[in-house]
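Chains A and B, in that order, are what the protein sequence lines are.
All residue numbers for the first sequence refer to full-length UniProt numbering, where the first residue is 1 and numbers rise by one.
All residue numbers for the second sequence refer to full-length UniProt numbering, where the first residue is 1 and numbers rise by one.
Hints may be right or wrong, so weigh each one.
Claimed, not checked - Pairwise CB distance ranges, derived in the manner of DEER restraints:
1) Gly8/A / Gly306/B: 39 to 47 Å
2) Gln83/A / Thr399/B: 40 to 48 Å
3) Ala28/A / Lys202/B: 30 to 38 Å
4) Ala28/A / Gly434/B: 32 to 40 Å
5) Val68/A / Glu432/B: 25 to 33 Å
6) Pro69/A / Lys408/B: 45 to 53 Å
7) Val43/B / Asp71/A: 44 to 52 Å
8) Lys4/A / Thr399/B: 39 to 47 Å
9) Leu29/A / Glu322/B: 32 to 40 Å
10) Ser40/A / Gly47/B: 48 to 56 Å
11) Leu354/B / Val68/A: 48 to 56 Å
12) Lys7/A / Lys202/B: 36 to 44 Å
Calculated from the structure, these hints are not laboratory results.
Where is the CB? At the ideal position from N, CA and C, for every residue including glycine.
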Amino acid sequence: MTPKPPKGHFNILYFASAGSYTSKNVEALPAPLPLRKLFSTLEERYQGIRASVLDHSLVTINLAYADVPDDKAPEDKDEIVIQEGDEVAIIPPVSSG
Amino acid sequence: MEEDTRDHPFAYGTAASTLAARNGSSRRLTDDEFDRYSRQMIVPGMGKEGQLRLINSRVLIIGAGGLGCPAAQYIAGAGIGTIGIVDGDVVETSNLHRQIGHATSRIGMTKVDSLITHLRGLNPLPTYISYPTHLTPQNAADIISQYDLVMDCTDNPATRYLISDMCVLLCKPLVSAASVQKSGQLIVLNCPPTAQGLVDGKYAPCYRCCFRKPPPPSSMVSCGEAGIMGPVVGMMGVAQAGEAIKILASALHIPRQVTEDVPETNLQQPTLLIYTYDLESAVGPYSFRALKMGGRRKSCFACGAGSTLTLEGVKAGNPNYEQFCSIPTSKANLPPEERITAAAYHAAKEKGELPEHILLDTREKEHFSLGSIEGAVNVPFGKLLMKAASIKRGGGSSTDLLPIESSKPDTPIFVVCRTGLDSQETVETLKELGLDNGGKRKIVDVVGGMRAWKQDVDPSFPFI
Chain A
1 MTPKPPKGHF
11 NILYFASAGS
21 YTSKNVEALP
31 APLPLRKLFS
41 TLEERYQGIR
51 ASVLDHSLVT
61 INLAYADVPD
71 DKAPEDKDEI
81 VIQEGDEVAI
91 IPPVSSG
Chain B
1 MEEDTRDHPF
11 AYGTAASTLA
21 ARNGSSRRLT
31 DDEFDRYSRQ
41 MIVPGMGKEG
51 QLRLINSRVL
61 IIGAGGLGCP
71 AAQYIAGAGI
81 GTIGIVDGDV
91 VETSNLHRQI
101 GHATSRIGMT
111 KVDSLITHLR
121 GLNPLPTYIS
131 YPTHLTPQNA
141 ADIISQYDLV
151 MDCTDNPATR
161 YLISDMCVLL
171 CKPLVSAASV
181 QKSGQLIVLN
191 CPPTAQGLVD
201 GKYAPCYRCC
211 FRKPPPPSSM
221 VSCGEAGIMG
231 PVVGMMGVAQ
241 AGEAIKILAS
251 ALHIPRQVTE
261 DVPETNLQQP
271 TLLIYTYDLE
281 SAVGPYSFRA
291 LKMGGRRKSC
301 FACGAGSTLT
311 LEGVKAGNPN
321 YEQFCSIPTS
331 KANLPPEERI
341 TAAAYHAAKE
351 KGELPEHILL
361 DTREKEHFSL
371 GSIEGAVNVP
381 FGKLLMKAAS
391 IKRGGGSSTD
401 LLPIESSKPD
411 TPIFVVCRTG
421 LDSQETVETL
431 KELGLDNGGK
441 RKIVDVVGGM
451 RAWKQDVDPS
461 FPFI
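Chain A extracted, bound-state conformation:
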């Protein structure tokens, strides 16, 4: 099992090419984090990951699909915020067979 994230953090899982890009399967990032800021937060840590991986990947929070809003969108009180203890996953498409 994935270790529980430390206090004030959420876990992020990197599948397929996301894992190769970050050289990690999982890491803990500081929570709370608005979902719309997820991609820019990752881009800061892994330069180029947005174009190579994130833009065509799907994102889940706690095993359910989540639609990532444009990060230039204005703050919205109803927006999805990743909370402490959540499990976020980056899932790029796989094509081979």
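Based on the hints, put chain B in the right spot on chain A.
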């Protein structure tokens, strides 16, 4: 339910076989059928009715490789009445560790014929139809329209988008799986099939609803390049057959009429199954994750409201799948003096004309471990780019990228990779980081990589 006055292409979904399957024809099973299918017929939920639906069903398997082989075995074994198989390739030795429907004795045979030979041995009752060709926008509608359910067992994004679009247009359920290296994915799409343009949240998504954009070609790796573990792709193919059998036995493949009330069981959220197989931790827990997906996307290019996708359009080349999946990436364009052919590098080295230099090999370490040019140092491309990015952000010196013993600032660097693309990008990256010392140090790409080395220098080189 949303009203939609457009014409729906239900004509394709109401073939005689589909109606028979829906009603579950009431004929007797033959003695052979009874014997052969007895163990699955007594499973709760299957019964004779389910078995007859399978016998009356027509399944199309696109791709007779790592997914298609295991999938086809269980589809044939379960007694699906008509099984079509599409694949344009021939059997090669390197397929056999995972493509278990082929055989050493059938190397060189078309994959379709090889697999059907195997399936006939397993179960001679189904009708097998072979399509020894690749699926194209031109032949896709004619082939897919003949079937009740489609299984995507292919190996490239362009075909995946084409298959999904055709399944939307022809109202076919699609069981899609994919696998590379150590991970696999499985998802049931467009099931129960619903006409294009109906969107109110409770209809099943298509491939484009889940994956709107293909990954850039540079980040795509094939099984030929990245490798694949047999049991990983096998697991996904078997699971794919399981989903297909379930859909057909319970008649979920019948296109839904707009006016029909939807039974509760059909409303379950589609699930994306992810299987991760960790070679590094042999005793860890099995990693399966079932992710809940959303429904049909209103703005989806293929199935959403106002979609302009049509059968005629696809046939005429609109959309252009190849172009959609090969968005040009910034290819380095090196001048001739920064490139050397594998043969010229070898000749110069043999004659002692090469000065002392560094030879960077940017292949993955598994490839490197199988064989390399004498004196080469392995710096895998992915790691090199990561390190370069962190140096650009101000973390460390650019010489950290080079092996320690080569500290002289004018020692030339040669870069070789697998097929000659990564090496060009590496040369560009090293120059950007100033490692050419304003032109004092030469940084040179070995054209065509280790593939050219094998072809032009050393035919016995173990190239994969």
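How the hints compare with the structure:
no. : hint                           : in the structure
1   : Gly8/A / Gly306/B: 39 to 47 Å  : holds (45 Å)
2   : Gln83/A / Thr399/B: 40 to 48 Å : holds (43 Å)
3   : Ala28/A / Lys202/B: 30 to 38 Å : holds (36 Å)
4   : Ala28/A / Gly434/B: 32 to 40 Å : holds (35 Å)
5   : Val68/A / Glu432/B: 25 to 33 Å : holds (31 Å)
6   : Pro69/A / Lys408/B: 45 to 53 Å : holds (52 Å)
7   : Val43/B / Asp71/A: 44 to 52 Å  : holds (49 Å)
8   : Lys4/A / Thr399/B: 39 to 47 Å  : holds (40 Å)
9   : Leu29/A / Glu322/B: 32 to 40 Å : holds (38 Å)
10  : Ser40/A / Gly47/B: 48 to 56 Å  : holds (54 Å)
11  : Leu354/B / Val68/A: 48 to 56 Å : holds (51 Å)
12  : Lys7/A / Lys202/B: 36 to 44 Å  : holds (39 Å)
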